[in-house]
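Engineer: Since chain U is already given, all that's left is putting chain E on it; use the hints.
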Amino acid sequence: MLVGDRGKYIAMVAGVFFSALVITQQSSIFIGLMTRTFSFINDMRIAQIWVMDPGVQFIDDAKPLQSTFLLRVRSVQGVEWAMPLYKGILKARLANGRFQSCNVIGIDDATLTGGPPIMVHGSVADLRRADGVIVDEVGARGKLAGPAKVPGGPRTPLQIGDVLELNDNRAVVVGIARASRTFQSQPVIYTTFSRATTFAPRERRQLSFILVSGKSGVEEQVLIDRIKRQTGLAAYSSEEFKDLTLDYFMKNTGIPINFGIAVFLGFIVGAAICGQSFYSFTADNMKYFGTLRAMGATPGLLVKMLLLQALIVGLVGYGLGVGLASCTRYIASNSELAFRLPWQLPVFTAVAVTLVCTIAALLSIRKVLTLEPAIVFRG
Amino acid sequence: MIKEPAIICENVTKSFRQGDIVTRALRGVNLTVNQGELLMLVGPSGCGKTTLISIIAGILDNDSGRCLVNGYDFSKLSERERSAVRGRTIGFVFQSFNLIPTLTAAENVCIPLLIAGNERKLALEKAYAILDRVGLGSKLASFPRELSGGQQQRVAIARSLVHNPEILVCDEPTSALDEVTGHKIMEIFKEIAMSEQRTLIVVTHDDRIYEFGDRLAHMNDGEITKIETMSQDYIREPQV
Chain U
1 MLVGDRGKYI AMVAGVFFSA LVITQQSSIF IGLMTRTFSF INDMRIAQIW VMDPGVQFID
61 DAKPLQSTFL LRVRSVQGVE WAMPLYKGIL KARLANGRFQ SCNVIGIDDA TLTGGPPIMV
121 HGSVADLRRA DGVIVDEVGA RGKLAGPAKV PGGPRTPLQI GDVLELNDNR AVVVGIARAS
181 RTFQSQPVIY TTFSRATTFA PRERRQLSFI LVSGKSGVEE QVLIDRIKRQ TGLAAYSSEE
241 FKDLTLDYFM KNTGIPINFG IAVFLGFIVG AAICGQSFYS FTADNMKYFG TLRAMGATPG
301 LLVKMLLLQA LIVGLVGYGL GVGLASCTRY IASNSELAFR LPWQLPVFTA VAVTLVCTIA
361 ALLSIRKVLT LEPAIVFRG
Chain E
1001 MIKEPAIICE NVTKSFRQGD IVTRALRGVN LTVNQGELLM LVGPSGCGKT TLISIIAGIL
1061 DNDSGRCLVN GYDFSKLSER ERSAVRGRTI GFVFQSFNLI PTLTAAENVC IPLLIAGNER
1121 KLALEKAYAI LDRVGLGSKL ASFPRELSGG QQQRVAIARS LVHNPEILVC DEPTSALDEV
1181 TGHKIMEIFK EIAMSEQRTL IVVTHDDRIY EFGDRLAHMN DGEITKIETM SQDYIREPQV
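Those protein sequence lines, which keep their order, are chains U and E. In terms of this note's numbering, the first sequence has 182 at position 182, counting the first letter as 1, and numbering is strictly consecutive. For this note's numbering, count along the second sequence from 1 and bump the result up by 1000.
In isolation and in its complexed conformation, chain U is listed as follows (with noise of 0.2 Å):
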């Protein structure tokens, strides 16, 4: 019967479309932001181990360490190694006289331990040449990009042997990475470690984190509350460090509550169109509904019948709005958005849908059960 209304079945799919669409594409950016602020640490893969001052609460929070710590945390019984790590924002300036905040890393000079996870150009190794840096390949494409070759053509990225100014010394760009994207979006430069704390403003402590692996055949815990008692800094391994930062941006900035309303008000617009559209449908049809009743349909039966219909219309319009959510998720691959449709996502929309589509119902199941049995007989 339904979809033989078509302006009615047509409002009840865009209102499960808006829904499953605005529900399931405001949590992938929301989730895409939330996996940005710890990126870093994921890309840090082969770190074990994060020690860093007690009162850092995220990734960027960095509270420099006086350098012997290092010593300290490599004394502890159970360190495989311990390398030192710079994470700061210095400023590059560019060609055309800008400047531009950029992440800077550096990473142990002996070992180069925390390099780039993957090389594009050059070699974690280039390194160790004179006044040396790798770019990530995002920065270099943009922001760090030189001004374009012919009047309103493309800027020319960054490539290697180009020259960058950060905080007015010197660094040669001598390999392009690719790295996750940063929650701030800011272009990440590797660097060794001892170049970085050069390019930085001179600070009395300049060790941002010491990143550990443990000997193996002995438990991370155990090594973690070994550092934490002998050091009296913070330790924590990556995930907890992951959930740190997560904890960190979930409660001290605004951002789950607005894309939390975003989600609300999807489901409600979504309950709101579909309710109003499946009960219109219903009224419009009681003298079926009455006339199905009357040649012996069950109310159970009715009931199956609408929930059938519900059923279809919310497939519909999960489809349609999941995939047009995961179309932006291929779109926007390359660019500055943040999304990421994990498969746990579909399956929330899907339960959202299941419950925008059951209110619809509900609302005209309670019609059909209390049908006044005589309006069969009314003209």
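Read the hints as simulated data drawn from the structure, not as lab findings. Cβ coordinates follow ideal geometry from the N, Cα and C atoms, glycine included. Treat the hints loosely; a few may be bogus.
Between beta-carbon pairs, the in silico distance windows are [to be verified]:
hint	chain 1	residue 1	chain 2	residue 2	range
1	E	Thr1023	U	Asp284	25 to 31 Å
2	U	Leu355	E	Ser1138	44 to 50 Å
3	U	Asp284	E	Glu1125	30 to 36 Å
4	E	Asp1063	U	Leu355	38 to 44 Å
5	E	Gly1019	U	Asp284	24 to 30 Å
6	U	Met305	E	Arg1133	26 to 32 Å
Structural biologist: Just chain E, lined up with the frame of chain U:
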């Protein structure tokens, strides 16, 4: 030949309450309709005709009295049993046909059989056969909007007969049709429905079709005031 009563209503009452206002729709109706009989139920609007056929058809409960339909007292059956008995025993024809607009003629006719649990293929075969009998063998795949009023009513008649019910309840079956079409519809009733000894109750305002009835029950203000036996030349024989 003495025929068994198919419908027995004894002192049936029904009231409707709307706020503080109570409307007495039926005030003790006594009526017996025999098997194979065509009873015309006539009277002004609001006299209780629709309420009476709703109670007879088991889609409304009476307040007091008793109504037996083929031996079943609907008021003593559960909702499920009532639906099953109604689906098996009674066929309906409505004033505005009530054909589901998104289904074809054949699919509309199938509905009572599908509700009764028949397979779709078997239901369609029976629908084709009955539609052929009412002269719509070439309109099986037509949607209601593609049919004239008379054709739609014939589909409705086919739908009311497809599951071979013992009783037909018809509400104003000719009021939406012109005189010629109305007569044709009544002839179909006579020819197809009555030939198989079905019982028909026809609620109507249309005095052009009175001649088709065996008896004419007049209702007014919730009561049956007069029952006439009809004959070919429309001779009235008051019985009450």
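Engineer: Now, for every hint given, state plainly whether the structure supports it.
Structural biologist: Do the hints match the structure? See the list:
1. Thr1023(E) - Asp284(U): 25 to 31 Å: holds (27 Å)
2. Leu355(U) - Ser1138(E): 44 to 50 Å: holds (48 Å)
3. Asp284(U) - Glu1125(E): 30 to 36 Å: holds (32 Å)
4. Asp1063(E) - Leu355(U): 38 to 44 Å: holds (42 Å)
5. Gly1019(E) - Asp284(U): 24 to 30 Å: Holds: the Cβ-Cβ distance is about 27 Å, inside 24 to 30 Å.
6. Met305(U) - Arg1133(E): 26 to 32 Å: holds (29 Å)
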